[in-house]
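Visitor: Please construct the entire structure, taking both the sequences and the accompanying hints into account.
So the sequences go chain by chain: A and B.
Take any residue in the first sequence, note its place counting from 1, add 4, and you have its number in my numbering.
Take any residue in the second sequence, note its place counting from 1, add 762, and you have its number in my numbering.
There may be inaccurate statements among the hints.
[As the list claims (entries may be wrong)] Computed cross-link-like contacts, DSS-like style, restricted to lysine-lysine with a CA-CA straight-line distance of at most 25 Å:
| hint | chain 1 | residue 1 | chain 2 | residue 2 |
| --- | --- | --- | --- | --- |
| 1 | A | K218 | A | K196 |
| 2 | A | K210 | A | K196 |
| 3 | B | K838 | B | K886 |
| 4 | B | K998 | A | K342 |
| 5 | A | K342 | B | K1001 |
| 6 | B | K838 | B | K889 |
In case anyone wonders, no lab produced these hints; they're calculated from the structure.
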Amino acid sequence: MLPNKLVDTYRGVFGSYVFRFISGYAFWLSISVFLLLGIIYSLYARDIYRDIEQQLDYELGQIHDHYVEGGVLRARQYVQTHGAEITAPKLLYSLLASDGELHGNVGPPPVLEDFEFAWAGLNFQTFNYQEHGQDLRFAAVTRGYDDGSELLVGLSLIPAEDKIQLMFDLLLRGTVVTILLGVIGGAVISSKLLRQVEAFNTIIRKILAGDLSKRLPINRYSGDFREMEININKMLDRLQELMAGVRRVSDNIAHDLRTPLTRLRNHVAQLELSGGGHKEEIIASLSTEADELLATFNAALKIAQIETGNRQSEFNRHDFTTTILDVIELYEPVAAEKRIRISDNLPREASIEGDRDLLFQVVANLLDNAIKYTGEGGLIEIILQQDADRLKLQFRDNGIGIPLADRHRVFERFFRVEASRSEYPGNGLGLSLVAAVVDYHQGKIDLYDNNPGLCVSVDLPRST
Amino acid sequence: MQPEASSVYNARRLSKYPNNEGKVVTMAENASSRPKIILLVEDDKNVAEFICNGLRDNGYIVDHVGDGDQGLRRAKQGQFDTMIIDRMLPRRDGLSIIQSLRAADIQTPVLILSALGEVDDRVKGLKVGADDYLVKPFAIEELLARVEVLIRRGEVGHAETRLTVGDLEMDLLTHKVTRAGEVFNLQPREYRLLEYLMKHAGQVVTRTMLLENVWDYHFDPQTNVIDVHISRLRQKIDKGFDNQLLHTVRGTGYVLNAPE
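Guide: Shown next as structure tokens:
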């Protein structure tokens, strides 16, 4: 019995894709080379035989002419003078006269056989001729006359058949060499490809094992492989980015929920300790804290729902100016508490096709933020501009603004500018919700510096 | 913002022992002596148990069934003051139950429950004839407040032209609001806010109910903007009077109540 390892190797080699590829390749290569060379061979042979046929026809014509002109004598004379020139192929003729006398240099009339390649359109027969004890094959054509006499002309086939045999040998060797070289070349190329695939697999296995930072080496030469490697690497970049995003969000969730949960837990502990005097107060703050947590979860779920687009809420045409004025009216008392002035510059009417409640939420969150991060006595400007197919909403405040470095991150879930974490309440979901709704309406949101303060610009298509 | 201590009630105690204080009587027992019967159609056992307990603690009688077919049959047979029907049910969809009921001219108020993450078809729900729509998860106080409003709606039929709570009066035709003879100058929104509170006097109304009915938007405010509006209103109608009418129910919302 073979050792297991050897069996494995054996299976590995013969069961491998490369082996199957090379065997298939060799099979088809041989068939095509055979076919090609076979066709060349037959065409070559046919041409050679065709030459013989033409020469026979010519000689038959010549002898016939002489025979008709001067009888057997002239014919013999022609063959003696002309036939001597033809040594290869040797010219033979026989003339069986009507009186039964046999002329010519063949001897007794040969037994004619059909030529084996007559099907290829070759009109001659063959016979065997003894010379110096050797059996030689000749091609022959015959012609009969009205008086019963019969003319036969023969040409040796030996030189033709030698040529064809030589050609056959050449082609056979050529076939073997071509197939051999083809198989070796195919094996080299495919094993090179396979090594590349194996290299990909090794790296991809490493990535699967958890090392997302691994990348495929980029081929030096341009081509499909290089492109594939670049694309796979891009895919991995994107994947890593998404993974990092997910990780960051879950880290933030853990961080942001830990604080209120800890507070909740401490209050429960306090409840156990306290004799009863503060019980109601503690319970009330417990439920407030639990409510805040729930609100956070609900907001996160709502964002996810809008982002995945399965809300299917009803889009209808409504006046966005009214929505903004309603928000301003709702928040005006909050602003008044901080002596913040809200100035608006809105068109009389600005119709938009969208989810009225969600758009209200967008404006409300933006105004809520503006009020929250603008100091006492500040100013908030709300500007709405419209053209034929877009609405542009701007919120400008002179509050604390957002540091440039954090500006692209404030739309991330649970992200809060570090400085504002402790000072201002919030769950870090307000702007994420805004971004989700704007995206849902196929709009665009940008943040700019208002020197000082923040300018939020929301661009919405008027119909989607 | 912190409401004044005098106007803060504890929601839990208030709902569990409605008659102890003698001051505020809420929920089921206040309207008439007959206990109210509620049909609950909900397939989730945990949610159903949670709702049943909440309603029973507040003096309601609850009839609970777990699937849509049974729900429709029970709704057609029984006499209920209000129905709470889940949106997604085995065998028959919640919306389809309501459609069948309205087609059979059964006008019992219906509150639809729907899980967050399901298709948001508040509009569809209200269109087929539901009276209110609540998204799970919700606080039990929110559900109780809405159920109470629905039951009362079934009772009050005639159109009023004058609302009265204690010595606070509102003329719905002239929009004049007075308390003990003193005339208040209210902004339009303050007027609508007070009108809603007076129409539901004695009932706890939640912040979302106010946003939906007074502002006509369904959204989640990041901060309690409503509190500021309430405190402004309180400044106008309660300041300088011995009896406070507008109370904050901690963890739930507000109640406008005539002093005993």
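Visitor: Work down the list of hints and note, for each, if the structure agrees.
Guide: How the hints compare with the structure:
This hinted pair checks out: K218/A and K196/A have alpha carbons roughly 22 Å apart, not beyond 25 Å. Distance check on the hinted pair: K210/A and K196/A sit about 21 Å apart at the alpha-carbon level, within 25 Å; holds. A threshold of 25 Å between alpha carbons decides the hint, and for K838/B with K886/B the separation of about 22 Å falls inside it, so the pair holds. A hinted pair counts as satisfied when its Cα atoms are at most 25 Å apart, and K998/B with K342/A qualifies at roughly 20 Å.
This hinted pair checks out: K342/A and K1001/B have alpha carbons roughly 22 Å apart, not beyond 25 Å. The suggested pairing of K838/B with K889/B holds, with an alpha-carbon distance near 20 Å, which does not exceed 25 Å.
Checked against the numbered hints above, the structure breaks none of them.
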